[in-house]
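Knowing the structure of chain B, use the given hints to seat chain V on it.
Chain by chain, the residues run as shown.
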Amino acid sequence: MKQTRFNANHRKRGAKMIEFVGWDMPVEYKGIIDEHIACRTAAGLFDVSHMGEIHITGKDALAFVQHISPNDVARLSPGMVQYTALMTAKGTYVDDMLVYCLHPEFYLLVVNAANTDKDYAYIVAQKGAFQVSLDNPSDRYSQLALQGRKAIPILQPLTDVALAPMKSFTCAFGKVAGKECLVSRTGYTGEDGFEVYSLDPEPGPLWDAIIESGKPHGLQPVGLGARDTLRLEAKLPLYGNDIDDTTTPLEADFKWIVKFKKGEFLGRDVLVRQNEEGISRKLVGFELVDRGIARPHYPVYLGGVQTGQVASGTFSPLFKKSIGLVYLPINKTAIGTEFEIGIRDRKVKAVVVPTPFYKRDY
Amino acid sequence: MYPNNFHYTKDHEWVEVKGDIATVGITDYAQNHLGDVVYIELPAIGKALDAHSTIGTIESVRAVSEIFSPVSGEVIEANGALNNSPEVVNQDPHGKGWIIRLKMKNKGDLQALMNAADYEKYLEGLEE
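Line by line, the protein sequences are chains B and V.
Once you know that position 259 of the first sequence is 361 in this note's numbering, the rest is easy, because the numbers rise by one and skip nothing.
Once you know that position 37 of the second sequence is 734 in this note's numbering, the rest is easy, because the numbers rise by one and skip nothing.
Hints listed in this document are in silico derivations from the structure and should not be mistaken for laboratory results.
Idealized CB from N, CA, C, for every residue including glycine.
Please note that a few of the clues may not be correct.
Sample of chain B residues facing chain V (criterion: CB under 8 Å; computed from the structure) [what the hints assert, rightly or not]:
(1) Ile134
(2) Tyr222
(3) Thr331
Extracted from the complex, chain B is given alone in its bound form:
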């Protein structure tokens, strides 16, 4: 099993460790609910070093990233970050990802841990005549996410990067706790916060320094358990649950990452057609009306007939109820539409609700 460079930090803290896509990762420390609420009300620190990092450099770097992404990468200047997809020729997801413009000829792609090798092989296969160099240095990167309203007071004393002036989805190089890092104002929780990338072979002290600085602010380390409940309340999609190579960004309600006017990209013709004809299904949020917890793959019934299955579903620690995401036929996606979810031997009533479930108020 692969270990991140913070493995000893987690074990010292008494984390429950699990295997996640080949990585030995903390699933919880004090408990998912505690960690979730700490992140919503103060701050949480996440080890997300399992994420993949892919470098695209060279004369055609911009043109190449434009080719594999539906969002308009030309809008990025150095220091800007963009959420987008890695697209198949069918207009479906190979993965979702962040694109960092570090230099006009250097783009960093941050992809899901489960998909890193698949994504890199796919990207290499798309290279064709583009004059780019491709590299997958994921194993050299460590990544921490500091998320929550107290992120700035916790991180600022440790870094020479001026955090408050940073706009959302921008990045800057600087020192954090004495180590060279890339810091971006990004995250996967619905909170304000930062992600910190380091190539240091021994970044463990970085974790300790942030934890120490966070003590008076109520910072808690957060495991993969609460990472999932936090992202779902914010309706941030998870590859493999909500999006995959059978779903398009239009169906996933991510039309805003598809920029038809930018010119050619993989899958564009399919997406143009789908956009003109209209989508037949869409990813929407739901909550259970009756008691129970809807989880991924539970069957979904409309008028007694099974039409699909739950994409994401969990108990929301903030709202204390069962929430989730599901693909429904487009004429059944209006807010208030009722349907049923099969939970063991019962059919439980659910209703389509507005999303995101949680939106920060600061």
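Same frame as chain B, now just chain V:
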């Protein structure tokens, strides 16, 4: 940690017997393993249970597991307080977090269960 007067199963349930009434819950090991308990499906009063049959379902934020009856009998009481406060199972698994009470059918069922010392030894084996 594990009360001496309880009997234990390999599935991490406990049973406390007074007369022919058996109180059943999950062990501290089980609650710790599950994490924050957020939902429990309790059986109907009067339901007849065999030893090893499913009492109900217990869900934490990230996991679903079944609770099995350590002994046979008829459900005479379910801990309704858990509907509104399932976290009591985490806080007091061997006390206020009890799950059901059964009128036992066959006291011989207890022969197949572990005492506290054997259960603790069993847990040590799982840690390795």
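Restraint satisfaction for Ile134 (chain B) [CB to CB of chain V, less than 8 Å]: Cβ of Ile134 (chain B) sits 4 Å from chain V, so the hint holds.
Minimum beta-carbon distance criterion (8 Å), Tyr222 (chain B) to chain V: 29 Å, violated
Restraint check, 8 Å cut-off on beta carbons, for Thr331 (chain B) near chain V: 6 Å, holds
In summary, the structure is inconsistent with hint 2 from the numbered list given earlier, while agreeing with all the others.
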